[in-house]
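Participant: One letter stands for each residue in the lines below.
Protein chains: 2
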Amino acid sequence: MTRNIKFTSPDTSIQETAKIMYENHLPSLLIEENGDTIGIVTYDDIALALTIYDQKITSPIKEIMSSPVVSVPSGTSILKAVELMLDKKIHKITIIDNGKSQGIISSSDLMVLFSMLSEEQLYGIFKSQISN
Amino acid sequence: MTRNIKFTSPDTSIQETAKIMYENHLPSLLIEENGDTIGIVTYDDIALALTIYDQKITSPIKEIMSSPVVSVPSGTSILKAVELMLDKKIHKITIIDNGKSQGIISSSDLMVLFSMLSEEQLYGIFKSQISN
Numbered sequence: 007m008t009r010n011i012k013f014t015s016p017d018t019s020i021q022e023t024a025k026i027m028y029e030n031h032l033p034s035l036l037i038e039e040n041g042d043t044i045g046i047v048t049y050d051d052i053a054l055a056l057t058i059y060d061q062k063i064t065s066p067i068k069e070i071m072s073s074p075v076v077s078v079p080s081g082t083s084i085l086k087a088v089e090l091m092l093d094k095k096i097h098k099i100t101i102i103d104n105g106k107s108q109g110i111i112s113s114s115d116l117m118v119l120f121s122m123l124s125e126e127q128l129y130g131i132f133k134s135q136i137s138n
Numbered sequence: 007m008t009r010n011i012k013f014t015s016p017d018t019s020i021q022e023t024a025k026i027m028y029e030n031h032l033p034s035l036l037i038e039e040n041g042d043t044i045g046i047v048t049y050d051d052i053a054l055a056l057t058i059y060d061q062k063i064t065s066p067i068k069e070i071m072s073s074p075v076v077s078v079p080s081g082t083s084i085l086k087a088v089e090l091m092l093d094k095k096i097h098k099i100t101i102i103d104n105g106k107s108q109g110i111i112s113s114s115d116l117m118v119l120f121s122m123l124s125e126e127q128l129y130g131i132f133k134s135q136i137s138n
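Here the protein sequences come in this chain order: E and P. 7 is the number of the first residue of the first sequence in our numbering; add one for each residue after it. 7 is the number of the first residue of the second sequence in our numbering; add one for each residue after it.
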């Protein structure tokens with residue numbers, strides 16, 4: 007998983023949210039309120055909001071975020087995370103331990119992982135934990 | 007690879023492009039001119055254009071498409087396609103045979119593939135051709 011996560015508040019504008027993502031090379035941003043992770047937003051959400059759902063770039067991100075977030079604890083197996091992504095048709099899962107967001111695992115992360123491994127290594131990986 | 011591809015012209019508006027993608031459940035759209043595939047656009051491109059690059063939803067898609075497209079022939083190995091995605095930092099590669107776009111292979115497609123396979127099957131897959 008990537009531990010390169012950032013948070014913003016639910017009242018941040020769509021444009022400001024996109025800027026934070028762009029400047030920090032992040033494909034998604036978590037939305038936090040009172041210390042809780044209440045949502046997640048991706049570039050796909052932003053594109054659809056501005057073209058299909060008549061949102062403005064000044065609209066608050068809470069209007070378009072995915073909420074609640076789909077999350078698993080860091081001890082979850084990678085195979086389980088893959089199954090969850092396919093089942094929910096999502097590309098990102100938030101890793102939450104003890105109520106705190108620790109990171110995000112994405113289909114892109116897994117692509118990188120899979121492509122670097124030999125077939126012997128893959129079986130072990132599918133059984134290993136996300137936090138490794 | 008997915009053969010569910012669609013084309014639009016370079017003068018289609020950003021909003022109309024997003025609508026075509028949304029209504030057809032496509033994560034990307036190819037841009038065609040005089041029978042040639044001259045570009046590709048994703049939701050990421052659209053989100054950045056509208057929030058960071060001051061484009062309007064009425065701007066023509068040619069202003070923001072990725073061009074030229076990164077393509078390989080259908081006989082290319084999947085391992086090679088994965089390497090190309092990582093090298094170019096892209097999520098989609100267009101499959102072109104004899105000058106005609108046949109399909110798109112994406113990191114999501116590969117995720118689905120990888121997750122369904124046993125470790126014995128994976129080695130074979132990495133060596134097999136995209137068109138299989």
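Don't read these hints as lab results, they were simulated from the structure. Some hints here could point you the wrong way.
Given that identical chains are not distinguished, each listed pair holds provided it fits within a single copy or across any two copies.
Heads up, simulated DSS-like pairs for lysine-lysine below, C-alpha to C-alpha not over 25 angstroms straight-line [said to hold, decoys possible]: (1) K62 / K86; (2) K68 / K86; (3) K62 / K94; (4) K106 / K62; (5) K25 / K94; (6) K25 / K86; (7) K25 / K12; (8) K25 / K68; (9) K94 / K106.
Since the structure is predicted, the reported quantities are computational estimates derived from the model, not experimental observations.
Participant: If any of the earlier hints don't hold here, list their numbers in rising order.
Facilitator: Numbers 1, 2, 3, 4, 6, in rising order.
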